[in-house]
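Protein chains in written order, with this note's numbering: chain A, 323 to 499; chain B, 6 to 396; chain C, 4 to 216.
Note that these hints are calculated values from the structure, not bench results.
Check each hint, because a few of them may be wrong.
[As the list claims (entries may be wrong)] Capping the alpha-carbon separation at 30 Å, the derived lysine-lysine pairs in DSS-like fashion look like this:
#1 C:K178 with C:K44
#2 B:K35 with C:K14
#3 B:K35 with C:K5
#4 C:K10 with B:K35
#5 A:K468 with C:K148
#6 B:K64 with C:K14
#7 B:K314 with A:K483
#8 B:K32 with C:K10
#9 B:K258 with A:K325
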Amino acid sequence: MHKLYENLGKIIPLGEMTLQRANLAFITLDRRYLRSALHHLRDVEGYSHLVLLTAVDWLEEDVFQLTYLLSNRTADMDVGLRVMLPRENASMDSIHDIWPTAATYQRELREMFGIDFPGSPRVNEEFILEGWQEIPPYRRDFDTKKYSEENFAHREGRVTKDPASHMKELLYPDRGQ
Amino acid sequence: MNYQPDRSKYPAKKADGTLDIDLTSGKYLKLWHGPNHPGITGNMSVELTVCGDEVVEGKVHVGYLHRGFEKLMERRSFIQCFPIVCRICVPEPDFNEYCYAAAIEELSGVVVPERAHWIRTMILEMGRINSYLMYLGGQAGALGQGVIGQWTTYVRDLMLDRFEELTGARIYHMFILPGGVRDDLPEGFKDRLEATLKEVDAVLKDVYDVMFKNAVFKRRSIGVGYIDPAWVDEYGITGPNARAAGVAKDVRKDQPYLVYDQLDFEPVVDHGSDIYTRADVRRRDVAMSVDLLRQILAKMPNEGPVMAKLPNVLHWQIPRGETYIRGECSRGEYGFYLVTDGSRFPRRVNVRGPSYTHAMTLLERMIVNTNISDIAALMVSLHTYPPEIER
Amino acid sequence: MKEELEKRVVKGPDGFEFTVEPLQDYYCAEAPRAHLPVYSKIVEGLFNWARAESIWILGFGTGCGAIEMRPLMTPRFDAYRFGIQWRPTPRQANLLMISGYLSTKTLKRAIRAYEQMQSPKYVVGLGSCTINGGMYWDSYNTIKKLDDYMPVDLFIAGCMPRPEALLAGFNDLKKIIKADKAEGANKYAENFDWYKANQKSVIKDWDMPDYNW
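Whole structure, please, built from the sequences with the hints as guidance.
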């Protein structure tokens, strides 16, 4: 893994690397170098399988983290490339010409997070939701419980208990507050 | 197939690569191979544009089963996610539990005892057999043979009886938890499981004789639905779809997890890459799973704890980190990407289901130039299940 | 709205031009009617017996529950001996089984399938997700209370209910039908505006006619 980091670092400037397991590492890099990193990993190092492309919403730090997970099947190695994007007007270059299957992942990110991928096939069409008018639902500032209570009729008589306080009452009823 | 369609009616391509289909010209018809249809696996739809009998363009529509799992899991603590996580992939629910539990264990440093690894592998293989049996019934049914579905669903029911005896429920088990499995094997379980495996062997032989030697099945499935081996990496094809195209891609062999490095098996690979070969690869996979189960039952340590000691799960906080755990489910590579941030709730859970890559761009590419009557067989042969596409 | 549903001028193959408005022209413009019993009690009893002993289910697997419906078609649990069959189209079915949760996208299609079925028709809600939302009670995409959107004759609780529970549920449905209490279709016709308003409040992009007969 460190050898991969060195080889990649000779071509493009890299951020920090987090070694999660012996065969899984996450490397942060700047969005300008993503395409050359992907080409190098796919053509030279043998990471030919794009496993997933997803986003994590770090609302406190005001960034989206895009994770591109690539896998080298024969050598049993995985590398995740992390790209940080600002949450305002987030958009990123599309990689559907490198891997055609990335078009589906990009459609989902556009609908669920609001990250635009200009040029990706059918990226502006509705994918999973139909007639959705709120902010993209996977963002941290979308409150799904509040939306559900306001928009759907609920049946009365449902009781919800916090598990910690419920177990405390059940097991230790005589202990005070 | 000797039929040569009249390509003079086919649409030309526009400058940006999309097809120039003029719906008012009277040459094309728009059909919905829609959600209410006996020829689709689950609840998704394909919007077809056909010219006569041949499909010219197909657009896949998913989202009919979207429940927002990844958002719901951000609101539930780690242990509260378990009842919900097994419902992401309906026919093979144990895989979700395993991948999620393994991700939590890796990020929090919990060590699973040895016997629990063996029991987990046994459950995963049993689930794999169930899923394949249902697939065989569906594949034969899509081409007109309803009787195979009756046989394989019956044997699947016998397997579900074993699951009910072990875990208490037929479909959603919630048995694999972080730290191991919930309980040990009941008394005499191994003998009853061996009896059920004999039933699986018997039905596989019957299925081979009735389905794979049937002239109509062979005529309708050989040469149909070709997947080029070069597409395997471009489209992210995994599992039996890739193995039937000649690429020996099996997570159990390439990136072994649980106890697969102690078991003796070879992935089933073939070269035909049509519907018949994919069905045959899956049938031989069932036989391999039965063999693996017999090896597991023989090699399992007889005693030992099955659950590690966990901290108080109601207040469990896992330090910040991210990981990806993968496994080979019956349809391909299944994986969970988990990000934690030090609080009681997961930050982000992303489920990578194999049907995500098979049923979207790959199906839209393969469906062009097929006959309408072959579409159902094609979709079933990719063994796609919509719940894991839109979660 | 999709372009094929807009009002437009179409030129036929022989050059004749005509306007087409799909949502009006291809569907029935009236609201549904309630079909009250007209014959004598004995004859209606016979009709109800016949309806109860030949319940044909629309084979639309709307959710998780579809996986426990498949074993019912096999000899082990055998729903066919009770006269229950699965049919592919709504016109041939008289029971719509909502098997599990309903996302709003599927609700639109389920409403369409329900309205295309012929009276007398019944709806069975399978699983706890149809009763109060189940474990997706805080989801932004699933409905929480099925009988606000469709008239439900029977709920079968469970997650998933076993095939034996389903058979017991069918037995209860038969008793309800024979006792002349299965008035779901008439209730839908009488309270049509209330049901339609509920449906339109969750389905935001309504591009169907109001009554899909």
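Tested hints:
1. C:K178 with C:K44: The given pair, whose Cα atoms are some 16 Å apart, holds under the 30 Å limit.
2. B:K35 with C:K14: 18 Å, holds
3. B:K35 with C:K5: Status holds; Cα separation ~13 Å.
4. C:K10 with B:K35: The given pair, whose Cα atoms are some 18 Å apart, holds under the 30 Å limit.
5. A:K468 with C:K148: It holds: about 17 Å lies between the C-alpha atoms, which stays within 30 Å.
6. B:K64 with C:K14: 27 Å, holds
7. B:K314 with A:K483: Between K314 of chain B and K483 of chain A the Cα gap is close to 26 Å, so the pair holds against 30 Å.
8. B:K32 with C:K10: 21 Å, holds
9. B:K258 with A:K325: OK: K258 of chain B and K325 of chain A at ~24 Å, within 30 Å.
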